[in-house]
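The lines below spell out each chain.
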Amino acid sequence: MDIYDLQALMGESTETEDYRDLWIVDLAGDGAAGLLGEARRMADSLGAYVHYFGPADSGDAVAFGADRVHPLTADSADAAVAVLAALFESRKPEFVFFTAGEFANEVAARLAARLNSGALANCIALRLDESTREIVASHPAYDGAYYLDSAITSKPQIFTVLPGVLPMPLRDSGRSGEVESIEVVEAANRVRALGKVDYVPPAVPLRKAAKVVAVGRAGNDDESITVAKQIAEKIGANFAGDRSAFDSNWIDHDQIVGVIGTEIAPDVYIAAGIWGDTLHRAGVEGAKYVIAIHPDKRAPIFTYADACIVGQPKDVLPKLLALL
Amino acid sequence: MRILVLLQQILDPAGLMVNRKAGKVFINREDYLINPADRRALDAALAIKDSAGAAVTAASVGPARAGDALRQARALGANRAIHLLADSADEAITARGLAALCNSPTLGGFDLILTGDSALDTGAAIGPRLAEALNFAFLGNADQCSLAGNVIRVVKAGGKEVHAYEADLPAVVTLSRNAVVATRYAHGGNIITTYRDPDAVETMTLADLGLADSDLQPVTAERGQSFPPEREFGKQVSLEEIAQRIGRG
Chain P
57 MDIYDLQALM
67 GESTETEDYR
77 DLWIVDLAGD
87 GAAGLLGEAR
97 RMADSLGAYV
107 HYFGPADSGD
117 AVAFGADRVH
127 PLTADSADAA
137 VAVLAALFES
147 RKPEFVFFTA
157 GEFANEVAAR
167 LAARLNSGAL
177 ANCIALRLDE
187 STREIVASHP
197 AYDGAYYLDS
207 AITSKPQIFT
217 VLPGVLPMPL
227 RDSGRSGEVE
237 SIEVVEAANR
247 VRALGKVDYV
257 PPAVPLRKAA
267 KVVAVGRAGN
277 DDESITVAKQ
287 IAEKIGANFA
297 GDRSAFDSNW
307 IDHDQIVGVI
317 GTEIAPDVYI
327 AAGIWGDTLH
337 RAGVEGAKYV
347 IAIHPDKRAP
357 IFTYADACIV
367 GQPKDVLPKL
377 LALL
Chain X
227 MRILVLLQQI
237 LDPAGLMVNR
247 KAGKVFINRE
257 DYLINPADRR
267 ALDAALAIKD
277 SAGAAVTAAS
287 VGPARAGDAL
297 RQARALGANR
307 AIHLLADSAD
317 EAITARGLAA
327 LCNSPTLGGF
337 DLILTGDSAL
347 DTGAAIGPRL
357 AEALNFAFLG
367 NADQCSLAGN
377 VIRVVKAGGK
387 EVHAYEADLP
397 AVVTLSRNAV
407 VATRYAHGGN
417 IITTYRDPDA
427 VETMTLADLG
437 LADSDLQPVT
447 AERGQSFPPE
457 REFGKQVSLE
467 EIAQRIGRG
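Residue numbers (the numbering used here), protein chains in the order written: chain P, 57 to 380; chain X, 227 to 475.
Each hint should be verified, as a subset may be incorrect.
[What the hints assert, rightly or not] Calculated pairs, DSS-like style, for lysine-lysine (alpha carbon to alpha carbon, straight line, at most 25 angstroms): (1) Lys-461(X) with Lys-370(P); (2) Lys-375(P) with Lys-290(P); (3) Lys-375(P) with Lys-461(X); (4) Lys-267(P) with Lys-375(P); (5) Lys-344(P) with Lys-275(X); (6) Lys-353(P) with Lys-250(X); (7) Lys-285(P) with Lys-264(P); (8) Lys-290(P) with Lys-252(P); (9) Lys-344(P) with Lys-375(P); (10) Lys-461(X) with Lys-344(P); (11) Lys-267(P) with Lys-461(X); (12) Lys-267(P) with Lys-290(P); (13) Lys-148(P) with Lys-285(P); (14) Lys-344(P) with Lys-247(X).
In case anyone wonders, no lab produced these hints; they're calculated from the structure.
Here the structure is a predicted model, which is why all the values come from computation and not from measurement.
Sequences are here, hints too, so could you generate the full structure?
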């Protein structure tokens, strides 16, 4: 029994105040535990309820903070938007959260357009102002070089939150909640899926690669170079090296990374056995995340690597390949 | 076959310097360029024009400087360019203005609307909003798109597998920034011509399209900026963490 039922028993109007609840729409079906915990905290400070829309077997939603669970299956964006927009008319939530993803971002943006509101995609932090009932969300600008703090000035406020940025809430198996089915709205799916296609993306030049695996002479041998190539293939990275790798005939001349070769700015740069002098550093300055494996802990590469492993690449690389 | 391409301008990231410690973004050089994903959409539209024959119209909502993006589109081969003047336009106002443009009887409507998946600077996604406003089919984040008769077919390389989708026209298709489309470069003479020709870009205001002030309320408001923590170097991590980091995405 909740406040709606109490009001009904006491003969009060069950009409609820407009725009008050929090919705969590779990289209990926991964449970959205972090979002549930965050929404629970916000709901407690606002005096609102948390509604969870997701797979029917999501038993943990209540334990993580949902008050009502609504089984929702939507295999197309057209269907998801139609169901949610129809429900919105009667329920009028104040906040709607999705776990960010390509599908969820599309549904969120289209739902916002249909409801004449706004949606912020790929948020990494949500801050609620209880007095104005407004959430200021941080979302990436220029691929996350910095974040814009934005608010949505109309209702409902719709956000998609990147997975893994919100802490996992405590599981409270004593909480109670109800399952309430929602009506299915028929919507014509205008997009036809044609299935998987055999398509090999064209090779990306080293200069533009998003991931680069580079090798150097320290602690590498012919076998570990083969392993490094396998790692590169597995994660879809370009294979490269420094000058010493070229001298060892492991790479071609156009695969040299650094000021003397190609200057790169990948998202992930893995340097195995590269000493990393100033000229190399200048060549990889733009790399967003540097992983360094080198046997000598004094190697300068460690002064600009985000993740460091001191060890022989020929020992470390096979272990890394096994974990991928 | 009539194609509309939407272009947005963004500040050139090469002219920006983000200082995480000071918590500031310094604009060293104020250059604007076409949002990279929108540029892919323009290239895709011109490829369809060359292969199947189509009239390509480029449109942009923004202040006077957006005219440069449209002149570039004309120089690359767009048949027509329309500039909707608006000093500040968020995604709702932009989508409204463009929907009004598509419904405008003087332009005669469009079969296919191409644009970038999202803006690099604000992450604003116009495509899905426009699809809703016009009630068109929507195909998002395409890496390739091709036209076969009255059907638009796209290829998406999301994750490890590549999938194909199709929809009947009219449709809105957004292209990803990494879309596999041959980049075109404008001939220098064409660029000069577009700047000499006073009619290269047609300028309209949102009021011309019959939009009242009440239709033009922004739905988002910027409240500041925040910055990721400074990078910490030299941290020892376990192999499992590294495998997780490089294995995803």
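Query raised in the report: Of the hints stated earlier, which fail here?
Result: 5, 6, 13
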